[in-house]
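Colleague: Spelled out from the first residue to the last, the chains are:
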Amino acid sequence: MTISKQNFQFTIEAGKAERHYWQDLWRYRELFYILAWRDISVRYKQTVIGVLWAVLRPLLTMMIFVVVFSKIAKLPSEGVPYPIFVFAAMLPWTFFASSFSDASNSLIGNSNLISKVYFPRLIIPVASVFVSLVDFIISFVILLFLMAYYSYWPTWHIVTLPLFLGLGFFATLGAGVFVASLNVKYRDFRFVVPFIVQLGLYISPVGFSTTIVPEKYQLLYYLNPMVAVIDGFRWAISGGSTALNSTEILVSGVVVTTLCLVGIVNFRKTEKTFADVI
Amino acid sequence: MTVAIKVENLSKKYIISHEKKTASYETFSDSLIQTGKNIGNRILHPFQRSENDPQKEEFWALKDINFEINQGDKVGIIGRNGAGKSTLLKILSRITEPTSGKIHINGRIASLLEVGTGFHPELTGRENIYLNGAILGMTRKEIKLKFDEIVAFSEVEKFLDTPVKRYSSGMYVRLAFAVAAHLESEILVVDEVLAVGDAEFQKKCMGKMDELGGEGKTVVFVSHKMSAIRNLCNRVVVVNKGKVVNSSPTDEAIDFYLSQCVKLSKGYVDLSDKKVARQGKRKLLVSLGLLEAGSEKYRRLVKTGEVLDIEVKFNVLESLVDYCFIAFCDLSGERVFSTGTHFDKTFCQKLQGMGRLICRIDEFPLVDGEYTLDIALGTKTNGNLDYVSNALSFRVELNDYFNTGEVVLPGQGSLAVKSSWSMK
Chain V
89 MTISKQNFQF TIEAGKAERH YWQDLWRYRE LFYILAWRDI SVRYKQTVIG VLWAVLRPLL
149 TMMIFVVVFS KIAKLPSEGV PYPIFVFAAM LPWTFFASSF SDASNSLIGN SNLISKVYFP
209 RLIIPVASVF VSLVDFIISF VILLFLMAYY SYWPTWHIVT LPLFLGLGFF ATLGAGVFVA
269 SLNVKYRDFR FVVPFIVQLG LYISPVGFST TIVPEKYQLL YYLNPMVAVI DGFRWAISGG
329 STALNSTEIL VSGVVVTTLC LVGIVNFRKT EKTFADVI
Chain C
158 MTVAIKVENL SKKYIISHEK KTASYETFSD SLIQTGKNIG NRILHPFQRS ENDPQKEEFW
218 ALKDINFEIN QGDKVGIIGR NGAGKSTLLK ILSRITEPTS GKIHINGRIA SLLEVGTGFH
278 PELTGRENIY LNGAILGMTR KEIKLKFDEI VAFSEVEKFL DTPVKRYSSG MYVRLAFAVA
338 AHLESEILVV DEVLAVGDAE FQKKCMGKMD ELGGEGKTVV FVSHKMSAIR NLCNRVVVVN
398 KGKVVNSSPT DEAIDFYLSQ CVKLSKGYVD LSDKKVARQG KRKLLVSLGL LEAGSEKYRR
458 LVKTGEVLDI EVKFNVLESL VDYCFIAFCD LSGERVFSTG THFDKTFCQK LQGMGRLICR
518 IDEFPLVDGE YTLDIALGTK TNGNLDYVSN ALSFRVELND YFNTGEVVLP GQGSLAVKSS
578 WSMK
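Chains as they are written, first to last, in our numbering: chain V, 89 to 366; chain C, 158 to 581.
A hint or two may mislead.
Facing chain C, a subset of chain V residues (Cβ under 10 Å, in silico) [stated by the list, open to error]:
hint, residue
1, 99
2, 118
3, 146
4, 149
5, 153
6, 198
7, 277
8, 361
Hints were generated in silico from the structure; no laboratory data involved.
The C-beta atom is built at its ideal place from N, Cα and C for all residues, glycine as well.
Given only the sequences and the hints, what does the whole structure look like? Please build it.
Modeller: Written out as structure tokens, the structure is:
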């Protein structure tokens, strides 16, 4: 394994980091995995039931939702068993909520690394999104059990699920990376993020269906990129028996792309000063 | 000989803001308000050039630095605290960007600015080796390959599966250095990390670094320990106030540095100057000087065992000051001893107005070497109001302190203390 030294000639110069950046991101690719693994394995250390928490948490939340919305509020669920109706929406929402807040705080949480070691900083928030992805997979398995319990079999629509997951992933990534970089300089966002997450739960169709939003506000409603993700999840899991239209996917796609671009560009622009201000 | 590192006109500017009372970071709302104010000012006074914000001040941590390091060189970087060494290392290791200038680097660079960066206390030793390795830029394959070597070097085999939070600090440091020492790189940049750990381990680390140097690796090493620099380095770069003031073979450079430390000092320092970096909120200290006992003459050379008068001039306008505190530090920045009015209570008045305070030390206890003074004025409730570290440097010569012709040898400690021995 000899690599010629020619490969390692480089120049440090103000504003010239760009050229190596994406190359370095590739070189440090294992760090994505390692950081995510660290966060996951640390989370359940010194707990009695350990990894069981990963299963217990989404299960309990789902049960509360079922009781509150189905039994007490009696919201319509478009012919799908209500637990599945809610759980299908909660999957992407929980994923968004947890990874968005983790990603936003990730840089500050790793300030000791940032001020002492070089690596592309983008790895930190992205790795924290991956952590939530693992939670997502666990919850998804619970959903499969739930569907089996209700004898609710998926159709071919389920194949489209990764697409909506991808949309949700990039929505989170864009928002998380954007806020993470702002958070380094302006710690206000530490307080803003929980607020966004809390508010987001009510303005996203998690406990209810998008159809109850009045027609004239629908377009405005679609600006929330998670609307299409959640509706998409429902649609894919329920086998097309819930509503999903192409407008919302389109709007969401545009919003997510913008979010990612703005997030990453802003991150790259402020990244070089992280070590100085954190 | 090929050049490993070439630094050209390198500068780094920091903006330091004053009078930020509560938080060290800005808040978004502050920023919005400031922007609003600026826009308002623009509209009200369209022809006035926007003045520099008085709360913000530019600070050049490095200014137009130039030097070259050849492949295989072991280079020490020395300088006083705040001279710009750490900034230089941070730029070299790409943690922060320079404001202007260039560095050409030929080879992979591994930097160790801190021992155990990224170690997670909850994870086991084994897990931390992988984590730390990855953070420092090793691949899992590389780590696996060197795992046994790392463990052997660290001497913590028995505790590999124990969370590192249960490690003793010595074990922790050993493991951390072991990982870093096995990095694959052509250039190794090391900050003062060897200050931690026991003497035996330090020796081992120095040995390892020497070995790496022997393999033709380039080593850049920052330390306050002149002995370590002498042992390891063949060349030394002296940094002072953001500039390279000397770059020559080790002994020559160290001599230059030590003589400069003292030459710069006249035994007196004006602290009312704007440029003095103070850590307190107020400007109360006017000057600090070392006086010949009983006279008004300043001096920069003190002999062990002599009477030393330290003169502190102050100007306390509004509030009262409860205490005056002076600490004596060696060249590594380590405090050797300190004294204060609140310790011995020989002077219990509060300080107010303009005045001059003399602190007399009857038998000055420090041995040969260069030392610096930290000085602070403060109140019991608010702590230090004005504080200047490294305010004044001076040289101490060990006279015939014991009146026997015997001296305290280097490495026998930094204090000369008289004692009497008897057989009982």
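Colleague: For each hint, tell me whether it holds in the structure or not.
Modeller: Against the structure, the hints:
Given hint, residue 99 (chain V) at the interface with chain C, holds; its Cβ is 5 Å from that chain's nearest Cβ, closer than 10 Å. With a least beta-carbon distance of about 6 Å to chain C, the hint placing residue 118 (chain V) at the interface is held under the 10 Å criterion. For residue 146 (chain V), the shortest C-beta to C-beta distance to chain C is roughly 23 Å, which exceeds 10 Å, and the interface hint is violated. For residue 149 (chain V), the interface hint is violated, since its Cβ never comes within 10 Å of a Cβ in chain C; the closest pair sits about 26 Å apart.
Because the beta carbon of residue 153 (chain V) sits about 32 Å from the nearest beta carbon in chain C, more than 10 Å, this interface hint is broken. The beta carbon of residue 198 (chain V) is positioned within 10 Å of a beta carbon in chain C (closest approach about 8 Å), and the interface hint is therefore held. Taking 10 Å as the C-beta contact cut-off toward chain C, the hint placing residue 277 (chain V) at the interface holds, the least distance being around 7 Å. Hint status for residue 361 (chain V) relative to chain C: holds, with the closest Cβ pair at about 8 Å, below 10 Å.
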